[in-house]
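Undergrad: For reference, the chains in residue letters:
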Amino acid sequence: MANQEEITQRVAALVVDHLGVDAGEVKPEASFIDDLGADSLDIVELVMAFEEEFGVEIPDDAAEKITTVGDAVSYISEHQEG
Amino acid sequence: MRRVVVTGLGLVTPLGADVETAWKNIIAAKSGAAAITRFDATDFHTNYACEVKAPGHEYGFDPNLRVDHKVQRQVDPFIIFGIDAAGQAIEDAGLLDMTEEERFRAGCSIGAGIGGLPGIESESLVLAAKGPKRVSPHFVHGRLINLISGQVSIKYGLMGPNHAVVTACSTGAHSIGDAARMIAMDDADVMLAGGAEGAICPIGIAGFGQARALSTNFRDDPTKGSRPWDQDRDGFVMGEGAGVVVLEEYERAKKRGAKIYAEVIGYGLSGDAYHVTAPHPEGSGAFRSMQMAMKKSGLDLSEIDYINAHGTSTPLGDELELGAVRRLFGNNIETLSMSSTKSAIGHLLGGAGAVESIFCILAMRDQIAPPTLNLDNPSENCAGIDLVPHQAKERKIKAVLNNSFGFGGTNASLVMKAV
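Chains A and B, in that order, give the protein sequences. With the first letter of the first sequence counted as 1, position 72 gets the number 72 in UniProt numbering; the numbers rise by one all the way through. With the first letter of the second sequence counted as 1, position 29 gets the number 29 in UniProt numbering; the numbers rise by one all the way through.
What the hints contain is simulated information worked out from the structure, not anything from laboratory work. No residue lacks a Cβ here, since even glycine has one placed at the ideal position from N, Cα and C. One should not assume that every hint holds.
Said to hold, decoys possible - Away from chain A, derived, C-beta distances all over 12 Å, residues of chain B:
{"no.": "1", "residue": "F44"}
{"no.": "2", "residue": "D62"}
{"no.": "3", "residue": "K70"}
{"no.": "4", "residue": "E100"}
{"no.": "5", "residue": "S136"}
To be verified - Calculated cross-link-like contacts (lysine-lysine; reagent style DSS-like; alpha-carbon spacing at most 25 Å):
{"no.": "6", "chain 1": "B", "residue 1": "K295", "chain 2": "A", "residue 2": "K65"}
{"no.": "7", "chain 1": "B", "residue 1": "K24", "chain 2": "B", "residue 2": "K295"}
{"no.": "8", "chain 1": "A", "residue 1": "K65", "chain 2": "A", "residue 2": "K27"}
{"no.": "9", "chain 1": "B", "residue 1": "K70", "chain 2": "A", "residue 2": "K27"}
{"no.": "10", "chain 1": "B", "residue 1": "K30", "chain 2": "B", "residue 2": "K255"}
{"no.": "11", "chain 1": "B", "residue 1": "K24", "chain 2": "A", "residue 2": "K65"}
{"no.": "12", "chain 1": "B", "residue 1": "K417", "chain 2": "B", "residue 2": "K295"}
{"no.": "13", "chain 1": "B", "residue 1": "K393", "chain 2": "B", "residue 2": "K24"}
{"no.": "14", "chain 1": "B", "residue 1": "K398", "chain 2": "B", "residue 2": "K295"}
The whole structure should be built from the sequences, with the hints applied where relevant.
TA: Below, the structure is given as structure tokens:
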């Protein structure tokens, strides 16, 4: 089971790849839409990538509440399979 | 009717990802054909094609020059090629800083023959293996043919007509012809026009292979595979890439001191109404397409110096096109030169007509006809016409004709002249 730091790194790598942003911009408080230039479809794709990467299922209602990098890390930490 | 001129050029081809590199290699009689690298094609009908080369290759394509990383992840190769070629063209024309008023009158007409075949293939496999919830949310708009025009309009703020032709291998020529008419009819002052293709993928090679359209006999030396009018020709070699031109209303171009490459003076279109893949046995569609373009141009038949033929290297098509040219031009074929640059870069399908129109323009600029490679033993019907075998030929070129013919029996011809 991945620890918080490892999850943060893997999430950041996915965000950099999918959104084409610099790693330095991917801070916990960064909003996908307001700070990292994502649109709603980019977020759908990112959530899919998180699900594949961490083997978690993120239902639509939960996905809607993931608006920042930190939100994603928290959700994955709490829900990943041991 | 308003006059329409070409003021910018952009190319992504298997022999170079900018206009001067591609043209230099065409004139040097190089071939872009090689074994397919995108996938293991060993067991396919053919294992060679003319791929756009990777970054780092002597004449490779670097998508990072003009296409955002995020867009690259979301769209198929044909869109990436198209965005880059359009960017080259608008930069070349010096039109990056148009005002909002000007951009209301500037549009896009960049099509493709097939569109996002690689992505349709790969996402279908995802669907089959993992179900609908794993299909990319960018699947649809990353594959649609009009998304070159869409992406380019967004990137450069072009708010005029936004159009995309889909006429198989005639797409590039129709795109330029239709866009020129939009300017002539006062719908726009500036149009980015052209075509792109990127269909070198398993289902693409398998599909064209099953249609018996591809060259298959030259696995030992793929550079010999595309050989228009040669007796050993056995089908086309698949190419990929894009060609885009900036078309501009003549008075506007003159007023701003633009570099004017050529004027589009004739456009012809026709349908074979005969068969889905085979050309009309008398080349009647090709003949009428050329005839209409020549009539519109107002030129005498004797004034055409160079024809860039459709010339795909298929057994039937090459002969029928030549026959149609012979019937239309009569004795004038003795003084013109005709070649097929598909012998060097393969068949770019929806991109072909645009890329080849650019080669026509460069032939006028440099007064040199590009060669037909591999024309070792011309068919017997080739007597009496200069098909520019093996090597480029310096000659007077003031007016040109470009032909494109596509599946479905769709034909387009463009006539351009130096200004």
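Undergrad: All the hints need checking, so say for each whether the structure fits it.
TA: Structure-based check of each hint:
Every C-beta of chain A lies more than 12 Å from that of B/F44, the closest at about 30 Å, which supports listing it as non-interface. For B/D62, the shortest C-beta to C-beta distance to chain A comes to about 15 Å, beyond the 12 Å cut-off, and the non-interface label holds. Distance to chain A contradicts B/K70 as a non-interface residue, since its nearest Cβ pair spans about 4 Å, not more than 12 Å. At roughly 23 Å from the closest C-beta of chain A, the C-beta of B/E100 stays outside 12 Å, upholding its exclusion from the interface.
At roughly 6 Å, the least C-beta separation between B/S136 and chain A is not larger than 12 Å, which violates its mark as non-interface. In summary, the hint linking B/K295 to A/K65 is not supported, as the alpha carbons are separated by about 64 Å, beyond the 25 Å threshold. Under the criterion of a C-alpha separation no larger than 25 Å, the hint pairing B/K24 with B/K295 is inconsistent with the structure, at around 33 Å. For the hint pairing A/K65 with A/K27, the CA-to-CA distance comes to about 17 Å; that is within 25 Å, so the pair holds.
Taking the CA atoms of B/K70 and A/K27, the gap is about 19 Å. The hint holds against a cut of 25 Å. Among the hinted pairs, B/K30 with B/K255 is inconsistent with the structure: their alpha-carbon atoms are about 39 Å apart, more than 25 Å. For the hint linking B/K24 to A/K65, the alpha-carbon distance of about 55 Å lies beyond 25 Å, and the restraint is violated. Proposed proximity of B/K417 and B/K295 is supported: the alpha carbons are some 14 Å apart, at most 25 Å.
Note on B/K393 and B/K24: the hinted pairing holds, with a Cα-Cα distance of about 13 Å set against a maximum of 25 Å. A hinted pair counts as satisfied when its Cα atoms are at most 25 Å apart, and B/K398 with B/K295 qualifies at roughly 17 Å.
The structure fails to meet hints 3, 5, 6, 7, 10 and 11 from the earlier list, while all remaining hints are met.
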